[in-house]
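Asks: The residues making up each chain are set out below.
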Amino acid sequence: GESVGLHLPTLSVQEGDNSIINCAYSNSASDYFIWYKQESGKGPQFIIDIRSNMDKRQGQRVTVLLNKTVKHLSLQIAATQPGDSAVYFCAENWVSGGSYIPTFGRGTSLIVHP
Amino acid sequence: DTGVSQNPRHKITKRGQNVTFRCDPISEHNRLYWYRQTLGQGPEFLTYFQNEAQLEKSRLLSDRFSAERPKGSFSTLEIQRTEQGDSAMYLCASSRTGVRGESPLHFGNGTRLTVT
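Chains as they are written, first to last, in my numbering: chain D, 1 to 114; chain B, 1 to 116.
No lab work stands behind these hints, which were simulated from the structure alone. Careful: at least some of the hints might be erroneous.
A few chain D residues that face chain B, going by a derived Cβ cut-off under 7 Å, partial list only [unchecked claim]:
1) Y32
2) I34
3) G43
4) P44
5) F46
6) D49
7) F89
8) S99
9) Y100
10) P102
11) F104
12) G105
13) R106
14) G107
Label pairs and their in silico Cβ distance ranges [stated by the list, open to error]:
15) B:S66 / D:Q45: 26 to 36 Å
16) D:H72 / B:L55: 22 to 32 Å
17) D:V70 / B:S5: 37 to 47 Å
A few chain D residues that don't get close to chain B, going by computed Cβ distances all over 10 Å [as the list claims (entries may be wrong)]:
18) S12
19) V13
20) G16
21) N18
22) N27
23) S28
24) A29
25) G59
26) Q60
27) T69
28) A78
29) A79
30) V112
Heads up, the beta-carbon is just placed ideally off N, CA and C, and yes, glycines get one too.
Starting from the given sequences, assemble the full structure and let the hints guide the process.
Replies: The structure is reproduced here in structure tokens:
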């Protein structure tokens, strides 16, 4: 399955499938990007980050791809598990007045069916 | 790493009352952020501290909101004369300035405010 970001905020997949969550960011000056996972009643939890001098970074079962040309970020989750069900946010960072202020998108809800 | 701690977890107050929330960041983190989150939305930036200095404040932030970080450790967020529109989850996050630049925020589990 695939999400097109803000226009399709819910992604439903079967356990074991690969999931792709997309994010369009707004500022071409952004140079650091982070994916967070948020479960109900909890704060966002760091998953993986990527800096603008890279276009791909891999973690455990997750991969982040960055396309600066079209200002697009994606999170790929391999072999999705029920425990991956949550809302996923991307955050972009740029320097404003000497400070980095992470700015969050609306998020995509991932629902994993057993 | 004991994580970011926020208190209280829940607060119910009547319109017009003042409320104060506390955040204890990860001890070695010099940066502290406050965000607000409403249902179905991403966290919205409110304000940011580096050590004890408040360096950024959202233009959307009402004068009724004030934050402090007196010794560069814990922080408080106060809302005066609360309104129903202030009902939200208030999230605190901390990070440290890394050698390679920015590092990810570590969030607490938030304080959920309900204004009746």
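Asks: Next, verify each hint and record whether it holds.
Replies: Structure-based check of all given hints:
1. Y32: At about 5 Å, which falls below the 7 Å cut-off, the nearest Cβ of chain B leaves the hint on D:Y32 intact, so it holds.
2. I34: holds (5 Å)
3. G43: holds (3 Å)
4. P44: Holds - the Cβ of D:P44 comes within 7 Å of chain B, reaching about 5 Å at its closest.
5. F46: holds (4 Å)
6. D49: holds (5 Å)
7. F89: holds (5 Å)
8. S99: holds (5 Å)
9. Y100: holds (5 Å)
10. P102: This hint holds: D:P102 lies near chain B, its Cβ roughly 6 Å from the closest one there, short of 7 Å.
11. F104: holds (3 Å)
12. G105: Hint on D:G105: holds, closest Cβ of chain B at ~6 Å, below 7 Å.
13. R106: holds (5 Å)
14. G107: holds (5 Å)
15. B:S66 / D:Q45: 26 to 36 Å: Holds - the Cβ-Cβ distance for B:S66 and D:Q45, about 28 Å, lies within 26 to 36 Å.
16. D:H72 / B:L55: 22 to 32 Å: holds (30 Å)
17. D:V70 / B:S5: 37 to 47 Å: For B:S5 against D:V70, whose Cβ atoms are near 40 Å apart, the range 37 to 47 Å holds.
18. S12: Check passes; 17 Å lies beyond 10 Å.
19. V13: Answer for D:V13: holds, closest chain B Cβ roughly 20 Å.
20. G16: Given a closest Cβ separation of 28 Å, the condition holds.
21. N18: holds (24 Å)
22. N27: holds (14 Å)
23. S28: Fine: 17 Å to the nearest Cβ keeps D:S28 off the interface.
24. A29: Holds, because the least Cβ-Cβ distance between D:A29 and chain B comes to about 14 Å, which exceeds 10 Å.
25. G59: holds (12 Å)
26. Q60: Given a closest Cβ separation of 16 Å, the condition holds.
27. T69: Given a closest Cβ separation of 22 Å, the condition holds.
28. A78: Given a closest Cβ separation of 21 Å, the condition holds.
29. A79: With a cut-off of 10 Å, D:A79 remains clear of chain B, as the shortest Cβ separation is near 24 Å.
30. V112: holds (20 Å)
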